[in-house]
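Spelled out, the chains give:
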Amino acid sequence: MAASRAHALTFKIIAECKTTKARVGKINLPHYHVDTPVFMPVGTQGTLKGLAPEQLVELDCKIMLGNTYHLGHRPGPELLEKAGGLHKFMNWDRCLLTDSGGFQMVSLLKLAEIKEEGVKFQSPHDGSEMMLTPEKSIEIQNSIGADIMMQLDDVVHSSTTGTRVEEAMHRTIRWIDRCLAANKHPEKQCLFPIVQGGLDPDLRKRCAEELIKRDVDGYAIGGLSGGEEKSHFWRMVTLSTDILPKDKPRYLMGVGFALDLVVCVALGCDMFDCVFPTRTARFGTALIPGGQINLKNKMFAQDFRPIDENCNCSTCKDYTRAYLHTIVTIEPVASSLVTVHNVAYQLNLMTSIQKSIVDNRFPEFIQNFFEEMYPDGDFPQWAVEALKSVNVRLSE
Amino acid sequence: MKFSVLCVRGHGARLGQLSSIGHQGCKILDTPMCMLYTRGGSAPYLGLDMLQRMENIPPVAHITLSHLSDHYEAVQAFKEGVAKFTALKDHLVFISLHDPAVEVYSGFNEKSGIAIWGKGGKTKIDVDLFMKIQEALLPDWYQALSDGDTSKDTSKKRAGKSVQRTLTFLDQIIERHSQSERLKNSALFGVIEGGYSEKDREHSAKETSARPVSGFIIEGFHNMGPKSEQFCISDVSGVIQKTLDYLPEDKPRLMHGVWPPDQVLEAVELGIDIFDSSYPCSDLCMYFDDLAPISPHCTCYTCHKKFTRAYINHLLNTSEILAGVLLMIHNFHHYFQFFRSIHSALEENKLEELKRVIQQQKSSAISKDALLS
Ligand SMILES: [Zn+2]
Ligand SMILES: [Zn+2]
Chain A
1 MAASRAHALT
11 FKIIAECKTT
21 KARVGKINLP
31 HYHVDTPVFM
41 PVGTQGTLKG
51 LAPEQLVELD
61 CKIMLGNTYH
71 LGHRPGPELL
81 EKAGGLHKFM
91 NWDRCLLTDS
101 GGFQMVSLLK
111 LAEIKEEGVK
121 FQSPHDGSEM
131 MLTPEKSIEI
141 QNSIGADIMM
151 QLDDVVHSST
161 TGTRVEEAMH
171 RTIRWIDRCL
181 AANKHPEKQC
191 LFPIVQGGLD
201 PDLRKRCAEE
211 LIKRDVDGYA
221 IGGLSGGEEK
231 SHFWRMVTLS
241 TDILPKDKPR
251 YLMGVGFALD
261 LVVCVALGCD
271 MFDCVFPTRT
281 ARFGTALIPG
291 GQINLKNKMF
301 AQDFRPIDEN
311 CNCSTCKDYT
321 RAYLHTIVTI
331 EPVASSLVTV
341 HNVAYQLNLM
351 TSIQKSIVDN
361 RFPEFIQNFF
371 EEMYPDGDFP
381 QWAVEALKSV
391 NVRLSE
Chain B
1 MKFSVLCVRG
11 HGARLGQLSS
21 IGHQGCKILD
31 TPMCMLYTRG
41 GSAPYLGLDM
51 LQRMENIPPV
61 AHITLSHLSD
71 HYEAVQAFKE
81 GVAKFTALKD
91 HLVFISLHDP
101 AVEVYSGFNE
111 KSGIAIWGKG
121 GKTKIDVDLF
131 MKIQEALLPD
141 WYQALSDGDT
151 SKDTSKKRAG
161 KSVQRTLTFL
171 DQIIERHSQS
181 ERLKNSALFG
191 VIEGGYSEKD
201 REHSAKETSA
211 RPVSGFIIEG
221 FHNMGPKSEQ
231 FCISDVSGVI
241 QKTLDYLPED
251 KPRLMHGVWP
261 PDQVLEAVEL
271 GIDIFDSSYP
281 CSDLCMYFDD
291 LAPISPHCTC
301 YTCHKKFTRA
311 YINHLLNTSE
321 ILAGVLLMIH
331 NFHHYFQFFR
341 SIHSALEENK
351 LEELKRVIQQ
361 QKSSAISKDA
371 LLS
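In order, the protein sequence lines correspond to chains A and B.
Using UniProt numbering, you'd call the opening residue of the first sequence number 1 and step up by one each time.
Using UniProt numbering, you'd call the opening residue of the second sequence number 1 and step up by one each time.
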């Protein structure tokens with residue numbers, strides 16, 4: 001079966017960094033193609049914070065996320081199927097990726113309980129007992145119709161230690177097989193397993209080694225965006241990418257701050273997502289090279305520059321910080337305007353990373369990035385160490 | 001600003017043209033017209049990028065002092081006026097005192113100035129501050145400071161006082177305006193007050209039209225806000241008629257409020273030329289009740305791009321901003337189209353027919369529940 005299987009995803013490496021583990025690739029998917037390393041904005045409810053899909057196309061966004069937990073609840077799989085999937089429902093003809101719903105369930109619902117069969121939870125509507133099994137997660141994700149789906153995994157908080165982590169790791173491996181068997185549309189929806197194992201190098205290694213035996217098109221690295229210590233974080237990432245096959249994309253789940261993106265690309269990750277850039281826009285926080293600014297701050301009341309002079313987004317073209325200062329957190333339109341910019345910032349960052357890798361100057365890019373982000377040379381120790389592990393020595 | 005009446009239909013409906021307006025002298029505007037309603041200097045939910053995807057946007061942006069008075073110092077430092085400050089530089093800007101969609105609290109105006117309600121609470125505006133703000137904002141035309149805190153229940157004494165105060169403000173403003181280099185291209189509209197008292201209205205109209213103003217704003221029938229949607233122009237058509245009798249033909253007349261289509265038509269028939277467009281934003285769902293629902297025949301961006309009712313319904317259920325964006329575009333589109341049909345109806349002398357269509361739409365309107373099911 002493996003040999004004749006139709007592939008929803010093909011991955012081609014375009015360029016590799018000669019110093020680090022970074023690479024530039026192209027993912028071909030049923031709806032569109034994606035250039036990696038890629039940042040995927042999160043459109044939880046089938047919409048991205050006030051942006052029309054056309055605006056995302058103009059920003060050259062090629063893939064975005066939807067959340068299975070939310071979409072399964074509203075509008076629900078029946079309506080989505082009737083609409084012909086989420087792509088049609090929301091008017092987005094490029095790529096979509098959905099998570100399994102498990103993470104949200106465990107983090108949003110206090111009463112969720114994980115059993116071998118699945119995640120048991122109380123319906124937030126009528127209080128009745130329900131079960132999200134690997135099969136059910138894939139069934140909903142099949143109705144949503146995203147190009148890339150995630151397996152249901154046994155999520156443990158990254159601070160958990162001991163046998164529970166090991167149990168979760170083994171269960172995650174058992175669940176990938178149930179998920180793969182349940183996928184009704186392998187030819188148009190691919191499924192990524194998720195490397196778990198908490199912060200235990202041995203467990204992560206065993207998990208990754210087991211998962212790469214499966215016939216899948218790409219891999220996710222999970223359980224590493226929960227506020228764990230960064231020195232552990234990067235070691236788990238690099239350990240995972242060392243084991244995962246080179247010829248398949250690697251998706252580092254829930255990671256998307258600029259600093260983390262630059263470091264983790266160097267460690268060999270290809271895909272990223274994070275709610276922060278879009279969620280924070282509502283509060284007036286705009287991302288700029290070197291950090292972020294809160295437009296609500298009085299210091300911008302008479303600042304007649306755009307958010308970022310070098311940004312080519314429609315917000316920076318038309319609006320000043322001073323005007324945005326008068327409407328952020330007050331008018332809903334401000335939320336859309338800042339979101340446009342923040343998405344542009346994230347996508348531009350990834351495009352610059354890609355270019356620098358292709359031009360074989362990624363190490364210089366990293367050096368410049370750090371100098372701009374930390375002008376006083378006070379680089380975070382974990383990042384210095386992580387980069388040293390891939391032969392980049394930052395000079396302060 | 002120049003205004004000419006091209007023809008009068010029925011009792012007083014006017015087909016007119018505004019020209020030589022403010023800082024963009026070459027623009028010609030057809031009346032009856034509505035202005036582009038804004039909040040904080042932006043069309044609700046619509047950044048310039050999205051706004052530009054719409055057709056037939058009114059060339060006049062209606063910006064209110066209540067939204068921007070807190071920030072006038074920034075616009076002052078910016079130097080180039082509020083149109084450019086709010087990224088609406090291709091629009092003409094009209095500055096009114098209050099947001100027609102927000103109720104103005106009663107009982108806070110004084111002889112020395114009036115109360116404006118912004119996000120930061122109450123600001124008292126006297127003539128001095130008022131002129132300072134106008135010089136900073138650099139509008140193409142603006143409403144004079146006025147005491148419009150009158151309604152049906154206002155005493156005759158209070159109505160008379162509002163006329164007097166408003167005339168006193170106007171004289172001071174005219175004096176300041178004539179000496180202002182920055183406002184030399186800005187047109188000033190006088191404000192007719194007098195509540196429901198015909199005598200006071202007459203006095204206000206006569207006195208205001210004797211002064212050098214470019215047009216008139218008729219207010220003081222209600223305190224704006226959602227409740228003004230219930231305001232029935234036919235209840236005061238007598239008073240308005242009397243007022244208009246004392247105003248010169250060749251100057252435009254503007255009335256603020258949340259205007260449902262049938263009320264717009266009645267006002268047009270009386271001889272009102274310029275309106276707000278806050279109605280399509282007043283209740284995004286309810287609007288479906290009386291104009292065409294999102295339909296396959298609609299040519300607006302939302303319908304043209306085939307966003308479905310089911311999707312918009314989902315966005316409403318999940319309180320997503322895109323619901324506001326898509327509905328605002330559709331609702332604005334219909335409202336702007338409606339003003340175009342008023343125009344052609346007047347040209348072709350078919351106002352009665354248009355009135356019938358609007359009445360029919362109103363009575364056959366689908367309910368909000370029907371849309372959402
Ligand atoms: Zn920008
Ligand atoms: Zn439409």
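Quick caveat, the hints were computed from the structure, so don't treat them as lab data.
Hints are not guaranteed to be accurate.
To be verified - Straight-line alpha carbon distances no greater than 20 Å define the calculated SDA-like cross-link-like pairs of lysine to any residue that follow: (1) K88/A <-> S295/B; (2) K306/B <-> A83/A; (3) K2/B <-> S209/B; (4) K119/B <-> N297/A; (5) K161/B <-> K79/B; (6) K84/B <-> S314/A; (7) K84/B <-> D318/A; (8) K82/A <-> A310/B; (9) K62/A <-> V275/A; (10) K79/B <-> M299/A.
Quick caveat: nothing in here was measured; it's all calculated off a predicted structure.
A quick look at each hint next to the structure:
Taking the CA atoms of K88/A and S295/B, the gap is near 18 Å; set against the 20 Å cutoff, the hint holds. Among the hinted pairs, K306/B with A83/A is consistent with the structure: their alpha-carbon atoms are about 12 Å apart, no more than 20 Å. Between K2/B and S209/B the alpha-carbon distance is near 15 Å, which keeps this suggested pair within the 20 Å criterion. With a C-alpha separation of about 16 Å, the suggested pair K119/B and N297/A falls inside the 20 Å cut-off, and the hint holds.
Between K161/B and K79/B the alpha-carbon distance is near 37 Å, which puts this suggested pair outside the 20 Å criterion. At roughly 15 Å between alpha-carbon atoms, K84/B and S314/A fall within 20 Å of each other, so this suggested pair holds. A hinted pair counts as satisfied when its Cα atoms are at most 20 Å apart, and K84/B with D318/A qualifies at roughly 9 Å. The suggested pairing of K82/A with A310/B holds, with an alpha-carbon distance near 11 Å, which does not exceed 20 Å.
Distance restraint check for K62/A and V275/A: the Cα-Cα separation of roughly 17 Å lies within the 20 Å cut-off, and the hinted pair is therefore satisfied. This hinted pair checks out: K79/B and M299/A have alpha carbons roughly 18 Å apart, not beyond 20 Å.
Of the numbered hints listed earlier, the single one contradicted by the structure is hint 5.
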